[in-house]
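Colleague: We have chain G; now place chain F onto it with these hints.
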Amino acid sequence: GNSVTQMEGPVTLSEEAFLTINCTYTATGYPSLFWYVQYPGEGLQLLLKATKADDKGSNKGFEATYRKETTSFHLEKGSVQVSDSAVYFCAPEPLGGGADGLTFGKGTHLIIQP
Amino acid sequence: NAGVTQTPKFQVLKTGQSMTLQCAQDMNHEYMSWYRQDPGMGLRLIHYSVGAGITDQGEVPNGYNVSRSTTEDFPLRLLSAAPSQTSVYFCASRGQGYTGELFFGEGSRLTVL
Numbered sequence: 006g007n008s009v010t011q012m013e014g015p016v017t018l019s020e021e022a023f024l025t026i027n028c029t030y031t032a033t034g035y036p037s038l039f040w041y042v043q044y045p046g047e048g049l050q051l052l053l054k055a056t057k058a059d060d061k062g063s064n065k066g067f068e069a070t071y072r073k074e075t076t077s078f079h080l081e082k083g084s085v086q087v088s089d090s091a092v093y094f095c096a097p098e099p100l101g102g103g104a105d106g107l108t109f110g111k112g113t114h115l116i117i118q119p
Numbered sequence: 326n327a328g329v330t331q332t333p334k335f336q337v338l339k340t341g342q343s344m345t346l347q348c349a350q351d352m353n354h355e356y357m358s359w360y361r362q363d364p365g366m367g368l369r370l371i372h373y374s375v376g377a378g379i380t381d382q383g384e385v386p387n388g389y390n391v392s393r394s395t396t397e398d399f400p401l402r403l404l405s406a407a408p409s410q411t412s413v414y415f416c417a418s419r420g421q422g423y424t425g426e427l428f429f430g431e432g433s434r435l436t437v438l
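These protein sequence lines map, in sequence, to chains G and F. Positions 6 to 119 (the working numbering) are the ones given, in order, by the first sequence. Positions 326 to 438 (the working numbering) are the ones given, in order, by the second sequence.
With the rest of the complex left out, here is chain G (with noise of 0.2 Å):
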């Protein structure tokens, strides 16, 4: 199956920095990718996604491209705020859908302090 590796953090940093979150994959094929945001006392939400090789997916400010040569989707944001504090989850999507659903990494903890 599939399994996902990102810093877990806590990462801190001040308002208006670029932000880089990495995230590794190993998976049979080429499958989709994601990003999730799980917010405080919220569930999670989709943020971003790409279906096939060298898609960048962006929303928010945020972007992620699909590198399948070096099997990773790195979020980036270049301007955090406050607001953008919160958990981000990668997720591999199983070939053809998969019943059983996404594969999360174990998520990053995001502060960003004023």
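I should point out that these hints are in silico values taken from the structure, not numbers from a laboratory. For each residue, glycine too, the CB sits at the ideal point set by N, CA and C. Treat the hints with care, as some may be off.
[Claimed, not checked] Examples of chain G residues toward chain F, derived with CB under 8 Å: (1) 21; (2) 23; (3) 48; (4) 49; (5) 50; (6) 51; (7) 107; (8) 110; (9) 111; (10) 112.
[Said to hold, decoys possible] A short list of chain F residues far from chain G (calculated; beta carbon distances all over 12 Å): (11) 344; (12) 358; (13) 364.
Modeller: The following block gives chain F in isolation, referenced to the frame of chain G:
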């Protein structure tokens, strides 16, 4: 749309007690699942269902039962609660044939004393 609704949001149980966490979705999604979230462990899949009448085990099914009598509802039952089941539980759903995006409920925080 309400999306995915979980009840209760908080629950405290004593060891050995039973309870049911409720999950309902109004998006006509075929796929539903239950995850538990623990510090340092991320999200782990407990049980899932690909349609009414069909359920299967995930990564950590022991101590939990599920059933899927309707498309909308997917309750999670703890028959005899144990302290190891103290966790935050999330229900999620997605449409048939649509890969990827899961829609999550807000979570149910369970404490077993």
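Colleague: Look at each hint and say if it fits the structure.
Modeller: Evaluated hints:
{"no.": "1", "hint": "21", "in the structure": "29 Å, violated"}
{"no.": "2", "hint": "23", "in the structure": "25 Å, violated"}
{"no.": "3", "hint": "48", "in the structure": "3 Å, holds"}
{"no.": "4", "hint": "49", "in the structure": "5 Å, holds"}
{"no.": "5", "hint": "50", "in the structure": "7 Å, holds"}
{"no.": "6", "hint": "51", "in the structure": "5 Å, holds"}
{"no.": "7", "hint": "107", "in the structure": "6 Å, holds"}
{"no.": "8", "hint": "110", "in the structure": "6 Å, holds"}
{"no.": "9", "hint": "111", "in the structure": "4 Å, holds"}
{"no.": "10", "hint": "112", "in the structure": "5 Å, holds"}
{"no.": "11", "hint": "344", "in the structure": "20 Å, holds"}
{"no.": "12", "hint": "358", "in the structure": "5 Å, violated"}
{"no.": "13", "hint": "364", "in the structure": "10 Å, violated"}
Figure legend: structure checked against the earlier numbered hints; hints not met, in rising order: 1, 2, 12 and 13.
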